[in-house]
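A.B. asks: Take a look at the letters that make up each chain.
Protein chains: 2
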Amino acid sequence: MSSAHASTNHSSALEKVCIIGSGNWGSAVAKIVGGNVTHHEGFDQKVNMWVFEEQFEGQPLTQIINARHENVKYLPGIRLPSNVHAEPDLARAARDASLLIFVLPHQFIAGACRTLKEHRTIRPGAKAISLVKGLAADETSSGSGPCLVSSLITKSLNGIDVSVLSGANIANEIAEEKFSETTIGYRNRRNGELFYQLFNTPYFQVNIVNDPCGVELCGALKNIVAIGAGMVDGLGLGENTKAAIIRIGLMEMMKFAKQFDSTVRDDTFFESCGIADVITTCAGGRNRRVGEAFVRTGKSFEELEREMLNGQKLQGTSTCQDVCDYLSQRNRGPEFPLFMTIHDICFRGLAPENITKFNRRQTNSKI
Amino acid sequence: MSSAHASTNHSSALEKVCIIGSGNWGSAVAKIVGGNVTHHEGFDQKVNMWVFEEQFEGQPLTQIINARHENVKYLPGIRLPSNVHAEPDLARAARDASLLIFVLPHQFIAGACRTLKEHRTIRPGAKAISLVKGLAADETSSGSGPCLVSSLITKSLNGIDVSVLSGANIANEIAEEKFSETTIGYRNRRNGELFYQLFNTPYFQVNIVNDPCGVELCGALKNIVAIGAGMVDGLGLGENTKAAIIRIGLMEMMKFAKQFDSTVRDDTFFESCGIADVITTCAGGRNRRVGEAFVRTGKSFEELEREMLNGQKLQGTSTCQDVCDYLSQRNRGPEFPLFMTIHDICFRGLAPENITKFNRRQTNSKI
Chain G
1 MSSAHASTNH SSALEKVCII GSGNWGSAVA KIVGGNVTHH EGFDQKVNMW VFEEQFEGQP
61 LTQIINARHE NVKYLPGIRL PSNVHAEPDL ARAARDASLL IFVLPHQFIA GACRTLKEHR
121 TIRPGAKAIS LVKGLAADET SSGSGPCLVS SLITKSLNGI DVSVLSGANI ANEIAEEKFS
181 ETTIGYRNRR NGELFYQLFN TPYFQVNIVN DPCGVELCGA LKNIVAIGAG MVDGLGLGEN
241 TKAAIIRIGL MEMMKFAKQF DSTVRDDTFF ESCGIADVIT TCAGGRNRRV GEAFVRTGKS
301 FEELEREMLN GQKLQGTSTC QDVCDYLSQR NRGPEFPLFM TIHDICFRGL APENITKFNR
361 RQTNSKI
Chain D
1001 MSSAHASTNH SSALEKVCII GSGNWGSAVA KIVGGNVTHH EGFDQKVNMW VFEEQFEGQP
1061 LTQIINARHE NVKYLPGIRL PSNVHAEPDL ARAARDASLL IFVLPHQFIA GACRTLKEHR
1121 TIRPGAKAIS LVKGLAADET SSGSGPCLVS SLITKSLNGI DVSVLSGANI ANEIAEEKFS
1181 ETTIGYRNRR NGELFYQLFN TPYFQVNIVN DPCGVELCGA LKNIVAIGAG MVDGLGLGEN
1241 TKAAIIRIGL MEMMKFAKQF DSTVRDDTFF ESCGIADVIT TCAGGRNRRV GEAFVRTGKS
1301 FEELEREMLN GQKLQGTSTC QDVCDYLSQR NRGPEFPLFM TIHDICFRGL APENITKFNR
1361 RQTNSKI
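Heads up: the protein sequence lines correspond to chains G and D, in order. According to our numbering, the first sequence is numbered sequentially starting from 1. According to our numbering, the second sequence is numbered sequentially starting from 1001.
In isolation and in its complexed conformation, chain G is listed as follows (with noise of 0.2 Å):
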């Protein structure tokens, strides 16, 4: 084979990197993967970053990006590695992409991956990893609740093999460089590794596991839990009444996380993604703030949203209510007395001081 040919021939040796989302917790990771990629031998030095473009002070915000080497809109203050290029179409930002990093808010998940399939500009072989928060609805298949968005990526684009990254990861916290960690769940072992040389650095630690659903639903569930610990620091009930909501919260969640998906492992919820990211959640983070304002100001979620978001979703009672069907769909919920009081505080107008109320001694058992 000539060098000429080998340099696009899609069997090229070199990984090429595409990440897929350019928000605050997007600019971060391609931050990190922009340095990683010159650090390690193995991977194209250019890395593409799609951007949906917008206006920014009457400039298209991927010229800013790639003339400043910064995401002034949402990740200000930041140098980005000049290696990585900002890219407004998704079907050139992802050609000949053998690594596809997706960092999307997870409703518009189907339709990168509707516009990856029609132009087939992925490398066959190629690998994906979600970063995406929170459930997918699972369209080909009405009623039937909720999906994995890994699962959904999947299914999307030919059976690609998803891993996932999922841990206590504040963005701009990241950015700055300040220490901490992530998990990286993986199905296949050399894609978790490969995934690892992209991802880790000395300030951002990643654990590798084989476990992708758990790592996965842990990020999903959390912010049923982070609602719980607002609306203790509504009723000001104090440290040991949180505690005790996030570890009974951590408990369901590790019970739904193995009755959703029988492979998921107990010590997944010893990683960063499980105990530490519950703890950042439930200390700062929007599903806590606002739980707690639904409390203190008996205003509607559909308000507090509006007000406090800024045009965000909040995920936690999405997520609630998407968990807390499937439930009671199955006949499960009294096996989850505490998400489902967080369900019926929000959606059926229980009083918030029931949050402490439930039998609790059901979700003792918890293997």
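Treat each hint with caution, since some may be false.
Cross-link-like lysine to aspartate or glutamate pairs, in silico, EDC-like; alpha carbons within 16 Å at most [to be verified]:
hint: 1; chain 1: G; residue 1: Lys155; chain 2: G; residue 2: Glu177
hint: 2; chain 1: G; residue 1: Lys357; chain 2: D; residue 2: Glu1177
hint: 3; chain 1: D; residue 1: Lys1073; chain 2: D; residue 2: Glu1057
hint: 4; chain 1: D; residue 1: Lys1255; chain 2: G; residue 2: Glu118
hint: 5; chain 1: D; residue 1: Lys1357; chain 2: G; residue 2: Asp161
hint: 6; chain 1: G; residue 1: Lys255; chain 2: G; residue 2: Glu335
hint: 7; chain 1: G; residue 1: Lys313; chain 2: G; residue 2: Glu302
hint: 8; chain 1: D; residue 1: Lys1357; chain 2: D; residue 2: Glu1335
hint: 9; chain 1: D; residue 1: Lys1258; chain 2: D; residue 2: Glu1335
hint: 10; chain 1: G; residue 1: Lys117; chain 2: G; residue 2: Asp89
hint: 11; chain 1: G; residue 1: Lys255; chain 2: D; residue 2: Glu1335
hint: 12; chain 1: G; residue 1: Lys46; chain 2: G; residue 2: Asp96
These aren't lab readings, by the way, just hints derived from the structure by calculation. Keep in mind the model is a prediction, meaning the values are calculated, not measured.
The hints should help you fit chain D onto chain G, whose structure is shown.
C.D. replies: Quick look at chain D alone, frame taken from chain G:
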């Protein structure tokens, strides 16, 4: 057996409780236990509480407690049940007792046990439960390092069975009947169930587990983690870093506990005594506060103890010293990079910035 005889007979069917200690936590416990002995069958209605006698506004504290049913010094504003009797003489307080609740600073345990043993006032077959935080020094074999308070009690009182209670339990919040959980670790299930009856209430929910050593070590080791979390706060490193240190700290707690006693179980760390107590202690708590001040002010721990703790001792630093000495003597320090780093920052002049610079990958293999 005549009823007159039965009332003083040691083998009387009624369990008689003595609370040994009357500080903030001891008084909160007196409120719970005083209530529960009247709600359940099988308990003598009078609960003695040993109070280290002192003067409060010119009157003996025991007299005030017995007249006003309030520990005006250590738990002001909370009414104690009238069947709780404060008693300044330990031997009298424990006369005929079949259930001993130890809730004293750990340095007073050995002395209290000596008094109990000399006066032989407790019933044969009596059981104990320890609510004491921290590790004791093993006086019987100097140089061998830390020893569990429960072991010290067992050794001192002719092999008495000792259960352990520990959890995310800030005393004032419990006294105000804010919802919380706790964990009782038992050796003998029947005794665990007896103590469950004595402590469980709708607002103070008890889980019992067959892992007394795990429960007790959680209560001691968490304070090392809290010192580290305080250092993170002092350095202004943010929520991701703090969650990472808490997580890694919990993993080292688990690893240490299992090396200290191979019967310790992983799932104990999912109980209130584990994650929940670590969360509470690292959110507030004096160990965290002093760890933060150590970094911010550059003052010594001795100075900060004097300035901030009003005569109380800081448990985290002494536990850290005991644990790290124990590990160093066995050449196991390298397996505990976070504990050892906290130790070296506390005692060897290592710069606090190193809290995130240990080789964390060694802690991954937690099992």
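A.B. asks: Could you run down the list of hints and mark each one as holding or not?
C.D. replies: To see whether the hints hold, each was checked on the structure:
As the CA atoms of Lys155(G) and Glu177(G) are separated by approximately 35 Å, the hinted pair breaks the 16 Å bound. Between the alpha carbons of Lys357(G) and Glu1177(D) the distance comes to roughly 13 Å, so the proposed pair stays at or under 16 Å and holds. Distance check on the hinted pair: Lys1073(D) and Glu1057(D) sit about 10 Å apart at the alpha-carbon level, within 16 Å; holds. Restraint check for Lys1255(D) and Glu118(G): the C-alpha separation of about 51 Å exceeds 16 Å, so the hint is violated.
Annotation: proposed proximity of Lys1357(D) to Asp161(G) is violated, straight-line Cα distance about 34 Å (limit 16 Å). Annotation: proposed proximity of Lys255(G) to Glu335(G) holds, straight-line Cα distance about 9 Å (limit 16 Å). For the proposed pair Lys313(G) and Glu302(G), the alpha carbon gap of about 9 Å is at most 16 Å, so the pair holds. A hinted pair counts as satisfied when its Cα atoms are at most 16 Å apart, and Lys1357(D) with Glu1335(D) qualifies at roughly 15 Å.
Distance check on the hinted pair: Lys1258(D) and Glu1335(D) sit about 13 Å apart at the alpha-carbon level, within 16 Å; holds. Distance restraint check for Lys117(G) and Asp89(G): the Cα-Cα separation of roughly 14 Å lies within the 16 Å cut-off, and the hinted pair is therefore satisfied. For the hint linking Lys255(G) to Glu1335(D), the alpha-carbon distance of about 31 Å lies beyond 16 Å, and the restraint is violated. Between Lys46(G) and Asp96(G), the direct Cα distance comes to roughly 12 Å. Compliance with the 16 Å bound is thereby established for this hinted pair.
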